[in-house]
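Peer 1: So the chains spell out like this:
Protein chains: 2
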Amino acid sequence: MGTCLVDKIAIIGVGLIGGSFALALKRAHAVQRVIGWDTDADNLSLATQLGVVDEAALSIEQAVADADVVMLAVPVGSMLTAAQQVVKHMKPGAVLSDTGSVKQTVVAQVEPLAQASSVYFVAGHPISGTERSGAGSAFAELYHNKRCILTPTVNTNISALTLIEKLWQTAGSEVVHMDVVKHDRILAAISHLPHMIAYSLVNSVSSYDRYPENILDYSAGGFRDFTRIASSDPIMWRDIALNNRESLLEMIGQFEQFLAELKQDITSADGARLYEFFYRSKVSRDAILANVAKDD
Amino acid sequence: MGTCLVDKIAIIGVGLIGGSFALALKRAHAVQRVIGWDTDADNLSLATQLGVVDEAALSIEQAVADADVVMLAVPVGSMLTAAQQVVKHMKPGAVLSDTGSVKQTVVAQVEPLAQASSVYFVAGHPISGTERSGAGSAFAELYHNKRCILTPTVNTNISALTLIEKLWQTAGSEVVHMDVVKHDRILAAISHLPHMIAYSLVNSVSSYDRYPENILDYSAGGFRDFTRIASSDPIMWRDIALNNRESLLEMIGQFEQFLAELKQDITSADGARLYEFFYRSKVSRDAILANVAKDD
Chain A
25 MGTCLVDKIA IIGVGLIGGS FALALKRAHA VQRVIGWDTD ADNLSLATQL GVVDEAALSI
85 EQAVADADVV MLAVPVGSML TAAQQVVKHM KPGAVLSDTG SVKQTVVAQV EPLAQASSVY
145 FVAGHPISGT ERSGAGSAFA ELYHNKRCIL TPTVNTNISA LTLIEKLWQT AGSEVVHMDV
205 VKHDRILAAI SHLPHMIAYS LVNSVSSYDR YPENILDYSA GGFRDFTRIA SSDPIMWRDI
265 ALNNRESLLE MIGQFEQFLA ELKQDITSAD GARLYEFFYR SKVSRDAILA NVAKDD
Chain B
25 MGTCLVDKIA IIGVGLIGGS FALALKRAHA VQRVIGWDTD ADNLSLATQL GVVDEAALSI
85 EQAVADADVV MLAVPVGSML TAAQQVVKHM KPGAVLSDTG SVKQTVVAQV EPLAQASSVY
145 FVAGHPISGT ERSGAGSAFA ELYHNKRCIL TPTVNTNISA LTLIEKLWQT AGSEVVHMDV
205 VKHDRILAAI SHLPHMIAYS LVNSVSSYDR YPENILDYSA GGFRDFTRIA SSDPIMWRDI
265 ALNNRESLLE MIGQFEQFLA ELKQDITSAD GARLYEFFYR SKVSRDAILA NVAKDD
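Going down the list, the sequences are from chains A and B. For the first sequence, my numbering gives the first residue as 25, with consecutive numbering after it. For the second sequence, my numbering gives the first residue as 25, with consecutive numbering after it.
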């Protein structure tokens with residue numbers, strides 16, 4: 025902490041993810057200057073007003089021109105365009121990284137562009153976030169005690185990888201290296217599938233029209249907590265669904281089988297099997313909680 | 025507040041629900057004496073030690089013999105047995121009530137028993153709870169600013185209904201009257217379906233065995249919060265699933281249709297439809313939050 029790791033960082037996309045990364049590095053004095061860029065001018069202006077970034081760039085080219093590190097913190101579907109715009113203006117030997125929730129498509133799109141422009145690309149994904157978005161929701165502690173997965177390939181420069189790793193550690197994260205395909209499969213299970221289910225549940229329940237009143241008015245804390253993630257940014261999740269299709273469809277299929285098994289047990293009123301199904305789930309869920317408590 | 029509403033209340037089942045009801049009434053001085061009974065002797069002993077109840081009964085008969093109100097706070101599948109045991113020992117004109125999460129089967133089972141024994145039955149369901157269970161998890165504020173649904177029938181005695189309503193109001197709840205069938209349908213949507221989904225999700229993800237490590241170790245706060253309700257008591261949920269089968273199967277079927285629609289949109293990589301699906305859900309979910317904030 026307190027060691028300046030780089031002179032200038034450009035954050036492309038100053039929302040919850042990019043903005044919180046900037047705030048964490050600034051607080052740790054790990055960077056001299058953070059310059060921000062966002063396609064949403066209002067959000068960029070807000071980021072500057074709130075001190076999330078030191079300076080708003082006048083253009084994406086200006087943002088990255090003399091940056092040592094460029095962090096792409098935009099929705100997965102916008103990574104390719106953003107990368108195309110930045111690589112040709114970055115200085116040779118600078119490091120490009122990203123925060124995308126899907127890694128196979130991003131690596132396939134961005135790595136060749138970076139190589140062609142003599143900049144080093146390191147793919148990453150901080151496992152944290154809230155259901156909120158925008159510069160106004162950024163906070164320096166977002167990455168504290170969270171995991172950040174980096175997915176290096178055979179082409180990844182080791183010095184660049186080490187630098188990005190140090191930045192995430194400085195932001196408070198535990199950094200894990202993982203194979204790109206494995207990342208996308210595991211995230212499909214623990215993050216992308218739950219989001220698809222939460223969105224489907226809210227749409228299903230809110231379309232229940234047997235009674236004139238809005239039945240969601242009766243929902244207590246359980247439903248509210250359970251569906252929190254259905255308030256997440258629809259653009260971000262559209263892009264994740266489009267870019268992690270294969271793994272996500274596999275996981276939805278697996279979930280459907282378990283739900284079908286449960287439905288069958290309800291249909292046949294099989295109390296012993298229902299108890300076993302719920303008990304098994306409770307044991308797994310309680311184990312997560314125990315692990316988390318251990319980590320804290 | 026501060027008005028003593030009844031002399032003696034018997035709580036049958038001194039867990040989270042029954043114990044919290046006892047604590048709330050004692051704190052408000054709404055009752056002179058609370059006597060508890062539980063089939064789990066250790067839990068009953070704990071309830072007495074913690075002051076959740078004033079006294080542990082030596083038998084279910086002794087608990088209810090001179091009680092003005094008997095509250096059945098046991099899993100739905102144990103209601104019939106508990107009611108059969110209490111009605112023959114209750115004094116004529118006393119009031120019997122319950123906290124079951126399903127109302128059609130409970131009313132069908134308990135109302136005739138109560139009528140035959142000249143006691144008044146009022147069916148109820150407090151819409152609150154946590155994923156914890158047992159006397160040790162009971163707390164007096166559980167029902168603060170929560171809804172409690174009473175489901176009177178044509179046979180319900182108005183004085184008994186008014187008394188039970190006052191007790192729940194004293195415990196901090198907003199009391200709502202609702203048709204029995206409507207209660208079970210709405211709860212299937214906003215509570216029972218989400219629990220079935222959470223249990224299925226945890227079982228589905230924890231059975232993912234493509235990698236040797238436990239992938240749940242990678243799950244962040246989102247998964248933990250989303251699956252909190254999968255830590256709920258398996259016996260309670262077995263009984264709910266068995267006793268609200270028709271409505272629950274209808275809601276699972278409706279959810280499956282929405283998930284299938286989403287799966288189709290992912291398969292065909294239809295970004296516009298995916299965005300619309302997620303956006304619509306976010307709007308509904310955010311509206312719940314706005315309503316809740318308004319209520320608080």
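Take these hints with a grain of salt, some might be off.
All copies of an identical chain are treated as equivalent in the list; a pair is satisfied when it fits inside any one copy or across any two copies.
[Claimed, not checked] Heads up, simulated DSS-like pairs for lysine-lysine below, C-alpha to C-alpha not over 27 Å straight-line:
(1) K170 / K306
(2) K206 / K287
(3) K306 / K32
(4) K115 / K190
(5) K50 / K32
(6) K170 / K115
(7) K306 / K115
(8) K50 / K306
(9) K190 / K306
(10) K287 / K170
(11) K112 / K287
(12) K190 / K287
(13) K32 / K170
(14) K32 / K287
Derived from the structure by calculation, the hints contain no laboratory data.
Peer 1: Evaluate each hint against the coordinates.
Peer 2: Checked hints:
{"no.": "1", "hint": "K170 / K306", "result": "both (24 Å within a copy, 25 Å between copies)"}
{"no.": "2", "hint": "K206 / K287", "result": "between (31 Å within a copy, 21 Å between copies)"}
{"no.": "3", "hint": "K306 / K32", "result": "neither (48 Å within a copy, 37 Å between copies)"}
{"no.": "4", "hint": "K115 / K190", "result": "within (21 Å within a copy, 73 Å between copies)"}
{"no.": "5", "hint": "K50 / K32", "result": "within (11 Å within a copy, 63 Å between copies)"}
{"no.": "6", "hint": "K170 / K115", "result": "neither (31 Å within a copy, 59 Å between copies)"}
{"no.": "7", "hint": "K306 / K115", "result": "neither (53 Å within a copy, 41 Å between copies)"}
{"no.": "8", "hint": "K50 / K306", "result": "neither (41 Å within a copy, 32 Å between copies)"}
{"no.": "9", "hint": "K190 / K306", "result": "neither (37 Å within a copy, 35 Å between copies)"}
{"no.": "10", "hint": "K287 / K170", "result": "neither (36 Å within a copy, 30 Å between copies)"}
{"no.": "11", "hint": "K112 / K287", "result": "neither (55 Å within a copy, 38 Å between copies)"}
{"no.": "12", "hint": "K190 / K287", "result": "neither (48 Å within a copy, 39 Å between copies)"}
{"no.": "13", "hint": "K32 / K170", "result": "within (25 Å within a copy, 52 Å between copies)"}
{"no.": "14", "hint": "K32 / K287", "result": "neither (56 Å within a copy, 43 Å between copies)"}
Checked against the numbered hints given earlier, the structure breaks hints 3, 6, 7, 8, 9, 10, 11, 12 and 14 and satisfies all the rest.
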